[in-house]
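Colleague: The listed protein sequences derive, respectively, from chains U and P.
Residues 786 to 1125 in my numbering are what the first sequence spells out, letter by letter.
Residues 5 to 266 in my numbering are what the second sequence spells out, letter by letter.
Treat the hints loosely; a few may be bogus.
Unchecked claim - What follows is a list of derived Cβ distance ranges for each label pair: (1) ARG180/P to LEU978/U: 27 to 35 angstroms; (2) GLU873/U to SER251/P: 44 to 52 angstroms; (3) LEU952/U to ARG255/P: 30 to 38 angstroms; (4) LEU978/U to GLN21/P: 49 to 57 angstroms; (5) THR809/U to THR55/P: 50 to 58 angstroms; (6) ASN183/P to ASP1036/U: 33 to 41 angstroms.
Derived by calculation from the structure, the hints in this document are not laboratory data.
No experiment lies behind these values; they were computed from the predicted model shown.
Just so it is clear, CB atoms sit at the ideal spot from N, CA and C, and this is done for glycine as well.
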Amino acid sequence: MYALTPMDAPVVDVRALRKVYRVTERETGLAATFRSFVRRRYREVLAVDGITFHIDPGEVVGFLGPNGAGKTTTLKMLSGLLHPTSGEATVLGHVPWRREGDFLRGMTLLMGNRSQLVWDIPAADSFLVLKEIYAVPAAQYKRTLDELTELLDLGPLLHKLVRGLSLGERMKVEFAAGLLHSPGVAFLDEPTLGLDISMQGRIRRFVAEYNQRSGATILLTSHYMDDVVALCRRVIVIHHGVLLYDGALADLAERMAPYKRISVTLRGSVGDLSTFGEVVSSNENLATIHVPRAQAAERTARLVRELGDQLADISVEDPPIEEVIDKVFASERPLAETTA
Amino acid sequence: MVRYLRMFRAFAATEFQFEMEYRGNFYLSIFEMFLVIGTSIGAVLIMFGHTTTMNGWTLPEMIVLLGVYYLIQGGVNLVFSPSFERLMEHVRVGTLDFHLLKPVNVQFLVSTRHLRVVRAADLLLGLVVVIVGLLQVGAQIGVAQSLLFALSLFFGVMLVYSLLLGLVTLSFWFVRVENLLAIFWAFTEAGRFPVDVYPLWLRVSLSTIVPIGIAVTAPANAIAGRMDAVGVALLGAGTVLAVGIASALWRRGLRSYTGASA
Ligand SMILES: Nc1ncnc2c1ncn2[C@@H]1O[C@H](COP(=O)(O)OP(=O)(O)O)[C@@H](O)[C@H]1O
Ligand SMILES: [Mg+2]
């Protein structure tokens, strides 16, 4: 499936990556704190349970999963912030947690809920510090900053105190800060968290355009399916630390949802349709029925035949992505194989 | 090395601009510093109202010592304290991650990233006090003596730095270390007088647990010609050891932060 010529070698290569957090049971009180320092008590939390995937150069991949699925933990391992409990990974050919200079210069991690900028000074000043930290040559720095300023409309924001920016404005500036050193790989953890709809769209368009212009490889987590639908042709779904799906977004419903959705519009009011499938909604002359994927054609034919003249319209679709994802995530245990 | 100097210059430049936004504060701090130094000199003068020496220290030598104290305190408060304050906050809210993503020595970054530029004024005032004291001492000060002074001053600052780093590193295990720091600063206060004026228990703790006693007394001795190259070399060795231990503790803390041990 992967042509392993050097050019096409995966940028991100993850094998059986696993992370168990050892949480110290913190006690209150000075004496107890001291005791726990001497003899610590641990509780184990399995956050990522052996996931494997590859990402090719220039791909934009959506990383989906409900809260606590292990997305952030995975991104932190891939950016070298956490050591895995077991398993292997390379990013740009480096083992992330060795934190080699070439690796760190080649990647970035943006977190929607955390800021790397100093809030008491204008972003432009923080940028100059970043320029020195990454030793970006002056000409390249100017070029990159100009480009980011144009793409993100940063002009009026750069010289205001970061503290005074709105959440959306701040996020734009955070993006610029994270990309000043022109990384080849960007890990974006909930970059649109808490933003209003129009700002979400703005950030999305930026990510798409940045990917196109720079060819950077992007792995993005988001709560908002819209982000993923707009940006990613490929998604990776994890739940309880287990990889459930890795493939085209377009095929996600087919693979993950065992049912199809038949919508019927009747000329009169809706009677009892429960013999055709699970009626999930019905009001006046509209009804939605879920039927097992394999029997969708046969049930549709039966509906057409039995409703006859009463039927004004009928359509058969995959359920919307949000719904599929919600269903998958609602299950307590990971679904092993949902394709019937 | 050049790279790190350039980085430090960038840190200083941004912080300087920040302080310039709050110029009122700036002047206020300088005024406050005048008051503090003035009253400590007053206290020394009162102490010497009745005697001409204290444990072998004359009044001018005491003033030199006071100046050294402010030099060291100024140096530490100029760079390390503000940086460490931010570091503890980073550990608490999780933004230390961003430092760990940077392709530079993280200990350097967290130790020097933030400056409180006003404290440069303490350095200047400290220097003035040292010079005034030296003029009173009246001794000829040679190149060698000045060199030993500068060296021991640097070692003194680094000694205090290593202790601060060690304390701050504890924040990886205990969320609140501010109380420990407060105790540290209280001890530091005592460093403005030579260690030998204190009762034994305090003298021992000022020299060992909190090396501020040594850090301040050594340079004052060096410039007064009471400490030779061997003494300064010993101080240097001790400083290297202290910084080494503190760095090791720091790396250990960082490992526990990133869960390397798991
Ligand atoms: N620092 C930590 N210490 C202990 N447990 C953690 C830590 N960070 C995350 N977890 C736990 O690991 C699991 C995965 O968390 P996370 O990777 O943040 O998920 P997501 O980003 O998908 O919401 C959750 O059960 C979470 O409570
Ligand atoms: Mg998360």
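Colleague: Taking the hints in turn, state whether each one holds.
Modeller: For each hint, the structure was consulted:
| no. | hint | verdict |
| --- | --- | --- |
| 1 | ARG180/P to LEU978/U: 27 to 35 angstroms | holds (28 angstroms) |
| 2 | GLU873/U to SER251/P: 44 to 52 angstroms | violated (30 angstroms) |
| 3 | LEU952/U to ARG255/P: 30 to 38 angstroms | holds (36 angstroms) |
| 4 | LEU978/U to GLN21/P: 49 to 57 angstroms | violated (30 angstroms) |
| 5 | THR809/U to THR55/P: 50 to 58 angstroms | holds (55 angstroms) |
| 6 | ASN183/P to ASP1036/U: 33 to 41 angstroms | violated (57 angstroms) |
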